[in-house]
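Student: Residues per chain are reported as follows:
There are 2 protein chains.
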Amino acid sequence: MKNNVLFVLLDKYAEWEAAPLAAALNSGVTPLGDTRYTTATVAPTSDAVRSIGGFRTMPDYHFDSMPQDYAALVLVGGMSWDKPEAGCVEELVARALREGKTVGAICNGASFMAAHGFLNDVTHTGNGLDQLRLWGGERYTNPEGFIERQAVADGSIVTANGSAGIEFAREMLLALEADTRENIDAWYDFNKHGLYRG
Amino acid sequence: MKNNVLFVLLDKYAEWEAAPLAAALNSGVTPLGDTRYTTATVAPTSDAVRSIGGFRTMPDYHFDSMPQDYAALVLVGGMSWDKPEAGCVEELVARALREGKTVGAICNGASFMAAHGFLNDVTHTGNGLDQLRLWGGERYTNPEGFIERQAVADGSIVTANGSAGIEFAREMLLALEADTRENIDAWYDFNKHGLYRG
Chain A
1 MKNNVLFVLL
11 DKYAEWEAAP
21 LAAALNSGVT
31 PLGDTRYTTA
41 TVAPTSDAVR
51 SIGGFRTMPD
61 YHFDSMPQDY
71 AALVLVGGMS
81 WDKPEAGCVE
91 ELVARALREG
101 KTVGAICNGA
111 SFMAAHGFLN
121 DVTHTGNGLD
131 QLRLWGGERY
141 TNPEGFIERQ
151 AVADGSIVTA
161 NGSAGIEFAR
171 EMLLALEADT
181 RENIDAWYDF
191 NKHGLYRG
Chain B
1 MKNNVLFVLL
11 DKYAEWEAAP
21 LAAALNSGVT
31 PLGDTRYTTA
41 TVAPTSDAVR
51 SIGGFRTMPD
61 YHFDSMPQDY
71 AALVLVGGMS
81 WDKPEAGCVE
91 ELVARALREG
101 KTVGAICNGA
111 SFMAAHGFLN
121 DVTHTGNGLD
131 QLRLWGGERY
141 TNPEGFIERQ
151 AVADGSIVTA
161 NGSAGIEFAR
171 EMLLALEADT
181 RENIDAWYDF
191 NKHGLYRG
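Respectively, the protein sequence lines represent chains A and B. Using my numbering, read the first sequence as starting at 1 and increasing by one per residue. Using my numbering, read the second sequence as starting at 1 and increasing by one per residue.
Check each hint, because a few of them may be wrong.
Note that identical chains are pooled: a pair holds if it fits in a single copy or bridges any two copies.
Listed below are the simulated DMTMM-like cross-link pairs for lysine to aspartate or glutamate, each with C-alpha atoms no more than 25 Å apart in a straight line [claimed, not checked]:
1. K101 <-> E91
2. K192 <-> E182
3. K12 <-> D60
4. K12 <-> D47
5. K12 <-> D82
6. K12 <-> D34
7. K83 <-> D47
Derived from the structure by calculation, the hints contain no laboratory data.
Chain A extracted, bound-state conformation (with noise of 0.2 Å):
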């Protein structure tokens, strides 16, 4: 039985960061490949999400509703983490934590995360060290912890920048074993060069 990927989506979530790493899970890393992942949306409510795009995404579930047989959580930057309809989903990273689960967090998902204490016992990367004392203020206790890289994976968390959704693919592509480390490396390299260089 395939496994789901839960992307959690709060209103004005960033859909570039989340696009390629949905596309991979749910339809394969190669052409016509098999995929031991499918993907579903998680959001506050049932309504419709607007992404910064302004595309109306219909959650497929909500906080109340979510399945628990989940294989890795995915936090989606945007311009909404530091509202209170982010405030369930410090419960849900720590139970995901606790239970194994692979967490991403990406853009200002991983300003939530150093917010949350969450970033404190493994390397990391996020918008910059600034903005993750910004948002960690004493519950961020980890700065030195922070790598100037696109994206980072240590044990079960994988983090990134708002700018790097293919690197970020990639780490959790890895994590979840979602295809071999040859086939996921191609990937990488079509999608962030591209079919024609220079």
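Take the given structure of chain A and dock chain B to it, following the hints.
Tutor: Frame of chain A; chain B shown alone:
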């Protein structure tokens, strides 16, 4: 008054091809900058459309309800451009071009353009020349106009291959004069190469 850019979505649309452009148009090329455009989605019916990554998008309009006073049409690639549901888009594109509107077509959106003879008077690109020949058959009479580049703009038509979401966005933003060339180049550089490099 802002101008609408309409994204045409068919079942199994490729969200990573639409995401960078939609976000830059709807929220601006520069952070906290202004934007002249808004985005909206159009689909065959008012039912939700699934992306390749599995996200369900509620279209803002369907083909019979869409506004006529828009600035540009974007054919987002995906798995349904050779299906009957794509049929109505031929007349939509023909009318847009007659009215001098910009038409962007990426991945199989560009293949669809070839199949309906819309690329015969412009330089263009797409998912490789073989693919355009295959889809275009006798209606594609301009293989010498094909350029091996991530994205090509000529007149009011912009084309790109499926790995070129960011290059496609750049050409569309320039064609629509969404911001200054300098700002659009900076947007491209950041989104293509990322916050942390190497």
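Student: So, for every hint listed, does it hold in this structure?
Tutor: Now the hints, each set against the structure:
no., hint, verdict
1, K101 <-> E91, "within (14 Å within a copy, 49 Å between copies)"
2, K192 <-> E182, "both (15 Å within a copy, 23 Å between copies)"
3, K12 <-> D60, "both (17 Å within a copy, 16 Å between copies)"
4, K12 <-> D47, "both (13 Å within a copy, 22 Å between copies)"
5, K12 <-> D82, "within (12 Å within a copy, 32 Å between copies)"
6, K12 <-> D34, "between (32 Å within a copy, 17 Å between copies)"
7, K83 <-> D47, "within (17 Å within a copy, 30 Å between copies)"
The structure is consistent with each of the numbered hints, conforming to all of them.
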